[in-house]
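Colleague: The lines below spell out each chain.
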Amino acid sequence: MPEKDQFQTDARNAGNRLVAGHVSEDPFAAAFKATRMPMIVTDPNQSDNPIIFCNNAFLRLSGYSDDEVIGRNCRFLQGPETDQETISKVREAIAAGQDVAVDILNYRKDGSQFWNAVFISPVRDEAGAIIYFFASQLDFTNVKSREADLAAARHEAEAEVAKHTANLRSALEARTLLVHEVDHRVKNNLLTMASIVKMQARVTKDDGRRQTLMSVLNRIEALSTVQRKLFTLDDVSKFDISEFARELVTDLVDATGRKDIRLTLDLSPLLVPAVKATPLSLIVNELVGDAVRRGLSDGGGDIHVVVRRLNGHFLIRIEDTSEPVEPDIENAELGQMLLEASARQLGAEIERKQEGRKTIVDVVLLVDDHQENTH
Amino acid sequence: MKVMIVEDEMLLAMELESEVEMAGHEVTGLAMSRSQAQEQIGSSKPDFAFVDIHLMDGPTGVDVGRELAAAGIPYVFVSGNIKKIPQDFAGALGAIEKPYTMNGMKNALAYVSAVIAGDASGSPPVSLVLAEDVTPAKPQS
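Chains as they are written, first to last, in this note's numbering: chain X, 1 to 375; chain Z, 1 to 141.
Quick caveat, the hints were computed from the structure, so don't treat them as lab data. Be aware that one or more of the hints could be misleading.
Derived coverage of chain X by chain Z (criterion: at least 3 residues anywhere in the stretch with Cβ under 8 Å from a Cβ of chain Z; other residues may be distant) [unchecked claim]: (1) 175 to 186; (2) 191 to 199; (3) 225 to 236; (4) 336 to 342.
25 Å max Cα-Cα, derived DSS-like pairs, lysine-lysine [stated by the list, open to error]: (5) LYS198/X - LYS2/Z; (6) LYS259/X - LYS106/Z; (7) LYS83/Z - LYS45/Z; (8) LYS106/Z - LYS2/Z; (9) LYS163/X - LYS109/X; (10) LYS89/X - LYS109/X; (11) LYS205/X - LYS106/Z; (12) LYS106/Z - LYS198/X; (13) LYS106/Z - LYS83/Z; (14) LYS45/Z - LYS106/Z; (15) LYS259/X - LYS358/X; (16) LYS109/X - LYS33/X.
Which chain X residues stay away from chain Z? Per the calculated CB distances, all over 10 Å, these [said to hold, decoys possible]: (17) THR9; (18) GLY21; (19) ALA148; (20) THR359.
Predicted model only: the values in this text are computed from it and were never measured. Just so you know, even glycine gets a beta-carbon here, dropped at the ideal spot from N, CA and C.
Work out the full structure, taking the sequences as your base and the hints as a guide.
Modeller: Here it is as structure tokens:
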């Protein structure tokens with residue numbers, strides 16, 4: 001194409017004139033040629049603002065030869081995925097004779113893409129007319145792809161977290177539902193067991209049998225009271241033996257309807273691991289039951305229940321003043337067995353003292369902090 | 001007094017019926033669902049009711065409670081999960097938590113029947129959680 005050849009010749013001549021203006025040892029020209037930063041100069045006074053000069057760094061970046069670059073407008077670096085708005089921005093800045101800095105997707109000769117941080121600036125003569133445009137380029141594809149990789153990784157991680165959170169949430173919901181269902185079943189079954197025993201007691205004509213059934217019922221109901229008190233604290237792994245004792249004792253004494261059995265309580269909150277709730281409660285139930293039975297038999301009496309810490313250990317004391325009477329042998333024997341088994345399981349010490357009409361039973365539960373804190 | 005028992009576990013309902021009768025009251029009926037309870041509220045006019053929250057047709061005990069309250073019939077919830085009771089207690093006097101003990105039920109029944117007979121002098125038993133102790137207190141005038 002002769003016309004194109006003419007353009008290129010004109011461009012090259014303009015480039016030569018530019019270089020000729022500088023002596024060969026001009027440090028600025030030498031720096032321009034040798035720098036690692038790709039740079040070009042265009043001539044806006046020629047048709048279509050062609051490149052009239054480029055350095056080796058630009059040729060390395062674009063993959064073109066000097067011949068392929070000189071005389072062409074810079075737009076040959078653009079490709080199908082280059083952003084149109086960015087191109088417009090550059091065009092408008094050049095038309096207005098202003099500086100412009102853009103990040104633009106460019107294409108090499110081999111068609112591969114690179115992210116180009118372009119800075120374009122007009123060069124004016126002494127009269128202020130624009131004689132050249134100077135453009136520097138910077139390939140920041142690595143930074144861009146690292147950014148993209150990071151963003152992708154972040155999105156992936158966020159999606160993964162969201163998925164895990166949803167899984168955990170649904171697992172937690174299922175677990176909560178199951179715990180409620182199991183708790184409900186246990187409570188209903190305890191009440192059903194108690195009801196069956198009560199029904200049998202109602203049906204039987206034999207006083208001895210009825211007594212035996214009521215003695216069984218008493219222990220089942222102690223477990224019912226334990227179950228009601230489990231999982232009521234914020235820390236579901238703990239059980240407040242004081243709260244249990246208060247309810248059990250008051251229930252028992254109220255139900256006697258006897259005004260001559262006087263109950264006093266000295267209870268401080270005492271949290272034990274939930275695993276200890278059953279044996280400890282059975283102990284309290286036996287001792288309190290024993291005191292109430294003795295109070296019932298004679299002319300009433302005083303019952304005093306203490307639950308508190310003692311030298312770092314747990315103390316449960318049941319004091320009563322009533323005439324010791326001959327208990328129901330079978331019931332007393334069952335009570336003794338339950339006391340022994342529970343004390344052995346807990347490693348608790350039970351000490352019984354008799355002072356005249358006063359019976360004092362101390363249950364000391366040795367707690368080491370480790371045990372207390374773990375379960 | 002005439003007592004209605006709303007409970008879907010028949011064994012528990014029958015046993016409670018015996019307790020109520022032994023305490024000298026009359027049981028007007030056992031209802032296992034909301035519709036059965038509705039029918040009995042209309043036909044037998046009880047003075048008082050025990051209401052379980054979970055019935056045969058789901059957690060409809062609260063609805064039964066509201067209907068009792070609307071009809072001016074005092075009642076208590078009997079439930080294994082008293083946390084499920086609405087904040088306003090749906091007009092109930094209180095709640096007895098399952099599994100209640102024989103003594104606990106006896107004490108609660110004695111207290112409730114005294115209150116309904118107009119004698120509020122006694123102190124409530126531990127087995128009965130009173131609505132007024134749980135619901136937010138009204139501002140004092």
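Colleague: Return the numbers of the hints above that this structure violates; sort them in rising order.
Modeller: Violated: hints 4, 7, 9.
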